[in-house]
Each structure stands twice: as structure tokens, then as C-alpha cells.
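Participant: Sequence:
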Amino acid sequence: MAEPGGDELASAAARGDLAQLARCLQERDGNVDARNRFGRTALQVMKLGNPEIARRLLLKGADPNLRDSTGFAVIHDAARAGFLDTLQTLLEFKADVNIEDNEGNLPLHLAAQEGHARVVEFLVRSTATRVQHRNRRGHTACDLARLYKRAAVVQLLEPGASGAEAAGVN
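Take the sequence shown: its position 148, counting from 1, is numbered 148 in this note's numbering, and each next residue is one higher.
These are calculated hints, taken from the structure and not from any lab test. Keep in mind that this is a model prediction, so the values were computed, not measured. A portion of the hints provided could be inaccurate.
Said to hold, decoys possible - Here are the simulated lysine-lysine pairs, DSS-like style, with alpha carbons at most 27 Å apart:
id: 1; residue 1: Lys60; residue 2: Lys47
id: 2; residue 1: Lys94; residue 2: Lys60
id: 3; residue 1: Lys94; residue 2: Lys47
Take the sequences, apply the hints, and build the full model.
Facilitator: Below is the structure:
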């Protein structure tokens, strides 16, 4: 069931409509984490390639660590889709880089699986990411990169690799 204002706010965020989002945020001093009729918040459905949408919602108090029914937080979506700028914005507002989805995957696992080398490198070098974390199937992010033939990502994550050494992975 939709919460008051949830549909309008989520719709503006999903479209990446900054003007409408600003109006919604200004008109309502209520719950920025209100859920739409699909049970998702504006931050969860926002246009990922627009970090300004995330910034405005987070400045109004949106919770970057709310998870949906699959255990996904918006940081999982940003990592999986390769939106480094949005991911950086989320981390600036204290998103949990080690939050697990229902399968035990961290955002790093999803970025590695999809082959987003820039995101993987950022997560490994710039944060407290648990690089050797194993998901429920026992896979590390490096295992997934190997499985999906993401050679550039494997080079970043493989123990003994120059990127892994610089990041303190060994």
C-alpha cells in the first residue's frame, strides 16, 4: 500500500525530474522514505545515472540502507549497473558498503559479476569493503568475476595482483 506522497516522489525520482523532485520535497515535510504503491522508496527507484537525485533525497534524510524484498539496497543497484558517481554519493551519505542482499552478495560482488572495473577498483581501494567476503554460495567477488569471464575485474581482485596488493587485499 502506498504511503502519502510516496508515488509522486518515487515517480519524480525514477524519471530523474529534478524540478518535480524539488517541488515534492519542498511541499512535503514528511517522510522522504515513503513507499510507493510497489513498496519502494524514491531512493530505491531513482534514476541511477543522476547522482543529484540521490544527493537531494539523502540531504532530506532518505535512508541509503533501506532494503527491498530481495535484500537490495540502492548501493547494490548502483554497483550492479556501474554508476560510480551515484555509488560515491551514496557512500558520502553513509551507505553501508558491506550490506548483503538476500543471497549474501555485497555491492562488490554485483559490480564484479557485471564487469564494472571502475566500480570494483573504487570499492577495493577507497572503502572498507570486505573483499574476501563469501556469498551464500561460497563465492567471493573474484570468483564471480572469473565465472562471468570479467578478466579486467579478476586482475583487480586476484590475490597477488598489483591492484589487490595496493588495496591491501592479500
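Participant: Now, for every hint given, state plainly whether the structure supports it.
Facilitator: Results of checking the hints against the structure:
{"no.": "1", "hint": "Lys60 with Lys47", "in the structure": "holds (17 Å)"}
{"no.": "2", "hint": "Lys94 with Lys60", "in the structure": "holds (14 Å)"}
{"no.": "3", "hint": "Lys94 with Lys47", "in the structure": "holds (19 Å)"}
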